[in-house]
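Add chains X, C, D, H and S to chain Y, keeping to what the hints say.
This is what each chain is made of:
Number of protein chains: 6
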Amino acid sequence: MAPHRPIDYGDATPEVRAVFDDIKRRRKIEDVNNFWKYLAHDPASLQRTWQSVKEIMAPGALDPLTKEMIYVAVSVTNNCRYCMASHTAAARAKGMTEAQYAELIAVVGLANETNRLANAYDPPVDAKFLAE
Amino acid sequence: MAPHRPIDYGDATPEVRAVFDDIKRRRKIEDVNNFWKYLAHDPASLQRTWQSVKEIMAPGALDPLTKEMIYVAVSVTNNCRYCMASHTAAARAKGMTEAQYAELIAVVGLANETNRLANAYDPPVDAKFLAE
Amino acid sequence: MAPHRPIDYGDATPEVRAVFDDIKRRRKIEDVNNFWKYLAHDPASLQRTWQSVKEIMAPGALDPLTKEMIYVAVSVTNNCRYCMASHTAAARAKGMTEAQYAELIAVVGLANETNRLANAYDPPVDAKFLAE
Amino acid sequence: MAPHRPIDYGDATPEVRAVFDDIKRRRKIEDVNNFWKYLAHDPASLQRTWQSVKEIMAPGALDPLTKEMIYVAVSVTNNCRYCMASHTAAARAKGMTEAQYAELIAVVGLANETNRLANAYDPPVDAKFLAE
Amino acid sequence: MAPHRPIDYGDATPEVRAVFDDIKRRRKIEDVNNFWKYLAHDPASLQRTWQSVKEIMAPGALDPLTKEMIYVAVSVTNNCRYCMASHTAAARAKGMTEAQYAELIAVVGLANETNRLANAYDPPVDAKFLAE
Amino acid sequence: MAPHRPIDYGDATPEVRAVFDDIKRRRKIEDVNNFWKYLAHDPASLQRTWQSVKEIMAPGALDPLTKEMIYVAVSVTNNCRYCMASHTAAARAKGMTEAQYAELIAVVGLANETNRLANAYDPPVDAKFLAE
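Sequence lines, in order, name chains Y, X, C, D, H and S.
Residue numbering for the first sequence follows the working numbering, starting at -4 and increasing by one per position.
Residue numbering for the second sequence follows the working numbering, starting at -4 and increasing by one per position.
Residue numbering for the third sequence follows the working numbering, starting at -4 and increasing by one per position.
Residue numbering for the fourth sequence follows the working numbering, starting at -4 and increasing by one per position.
Residue numbering for the fifth sequence follows the working numbering, starting at -4 and increasing by one per position.
Residue numbering for the sixth sequence follows the working numbering, starting at -4 and increasing by one per position.
For reference, chain Y alone in the conformation it holds in the complex (with noise of 0.2 Å):
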């Protein structure tokens, strides 16, 4: 048996299918991501991970693309291959111009670079900061 291999709605079990149907329909798409079809080895993992990315994307106090955009900034920090792939298009979907993307990933590489000058030098946090 492969290592991992896709699980297409066709040899899913019923479970596994009622989350491939939900995305499908809440995405308006034909058929779900890669990152479904191999989760879906995982059926407790499936669901749990749909029903989070189904609360926390959902519009709230952050607009939807906004939210895309945090997703692909810690995915640039980890780099995490599949997920820079398929939340940038994502928040190209919802909107994110070329510009914004530049910005985005201008503001990820500075923010890479000042974590490690914090590191090195250290300095205490201002009391501001820390103040009630």
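A hint or two may mislead.
Copies of the same chain look alike in the list, so a pair counts if it works inside one copy or between any two.
In silico BS3-like cross-links for lysine-lysine, where the CA-CA straight-line distance does not exceed 27 Å [claimed, not checked]:
1. Lys23 with Lys89
2. Lys23 with Lys123
3. Lys123 with Lys49
4. Lys123 with Lys19
No wet-lab data here; the hints were simulated from the structure.
Relative to chain Y, chains X, C, D, H and S alone:
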């Protein structure tokens, strides 16, 4: 000599003072944060880093608050305590509400979780994310 | 010269062959994995690393399968593709079931999420965790 | 308002109290850890995170102690101080001996070392690890 | 449009060409590396990054080879495949021998290992490292 | 019992004392650093780690100062506070000047930034970096 100590305005070279003055003028603050006082040990880095921060964090295709939240997302992922404290404060100063902060952190947590699920199950990037 | 190429048994020095022979004998395999063939460019590292692997991964207070799963957890967190592949295979060879693998990855995902929630909300370590 | 402060039971909303009560009942403890008191600023995250912890950390194909040790492995790799403290304590409460702890950390160290050796020498994943 | 494609000299704006020309002149090369052709989608980042690279990587208190090896050390730790390839090549071009490379990687591996041992055992920083 | 406490020479087993003695002799110091006193809880790790440090950090194709600076680069990237403190001190003891330290940190910051730019724009590795 202590490994790292702040360089205060009174002890700074004219080159360093010029950067401190620019930070204070731009940010309309009385004194610069500890980060800059420690980075002042390396005047070239101080100048270059402040120049980058000015350019990258300025309003552009993304608004300043969105940029600060992206900065926080990276700093939380990297566990840079100083950076979390200072950029969370900056985001609050730019209008981030507690509800927005809570959603930001929830997205960061989710992205760090699914980044590892993607690493482990290793789905190939869907063709549509690569297509022309 | 290519930056990195495997050193096969036939091209190896006696010093490298001795390590390869020990790996093959211990693991009852015909040939060593690519990791060792590439590391053979640095015979001192090859020898030291194999020595550490032998000592640390041997059965002790923890059984070998638990150790392999911990290895996988770190490799998934660091996104080391080779290490995930080789240590997941090793864990399967030592009896890891698909259900165990699924739970392992779920814990890794959860830990990476809550690590960031803890970084962001920055709770002080509870006194009881520090107490004598 | 201070950036982060604990929300104690007495100050909590009924929604938050319900989660605190469930944590205390399940874990047979008098009071919840600081992590939950800080996360209570985001009741939705509090509820979702506790739900995930309950499901994922329950005994299943892996026993609870193995799961805690995997949690520690990730937290050590990410240098999350709170998480190391709380999950090491949890693992000890579930029976982890000092000898087991020592071996766990030794494996984590080794995996972090060889992850970088593999990154640098970049061996291709052996065909057998990919084979059907 | 493909998410990311190189911008070649012939398709570049005068602003981008000016950076490309400076890179080629400084490095005495016929064409710039792919990194710069992709970064050219964001001309401001292209210009700023090249400016930083020129300043930081120039000979100073540290010689250029030492700087390249430090760059490799970071890239291996972060598992940035492109950066490892390009900066290892640059270090070799500046005279890094295979023996030096092997020792560099061995130190990177060791540091990543002991970083985690220190995280886990959490020794307080010795007074002498903090003393004036 | 406290989770982690130092094991001082007076309380150490003969096996641990032998390592402590070797560290003191080699480094010409009165007492070992806290790192070793905490690691002494796992005598096998203590011995193996000290053996690796002795071999890897010894002068070879790279001089000891270069090795210490590489160690610092990794520790800053990983944000290991103890390791930054101890290896920065060690580098200073081996002659690192403040100007060299400043350049080291600037390179580390730059590499962490460009690592993310490379992750995001994902340029293919140039053929010349792969060529034979």
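Against the structure, the hints come out as follows:
1. When the C-alpha separation of Lys23 and Lys89 is checked against a cutoff of 27 Å, the pair qualifies only within one copy, where the shortest distance is 13 Å, while the shortest distance between copies is 35 Å.
2. In this homomeric assembly, Lys23 and Lys123 come within 27 Å of each other (Cα to Cα) only across copies, at 15 Å, whereas the closest approach inside a single copy is 47 Å.
3. For the homomeric pair Lys123 and Lys49, the shortest alpha-carbon distance between copies (22 Å) is at most 27 Å, but the shortest distance inside one copy (37 Å) is not.
4. In this homomeric assembly, Lys123 and Lys19 come within 27 Å of each other (Cα to Cα) only across copies, at 16 Å, whereas the closest approach inside a single copy is 48 Å.
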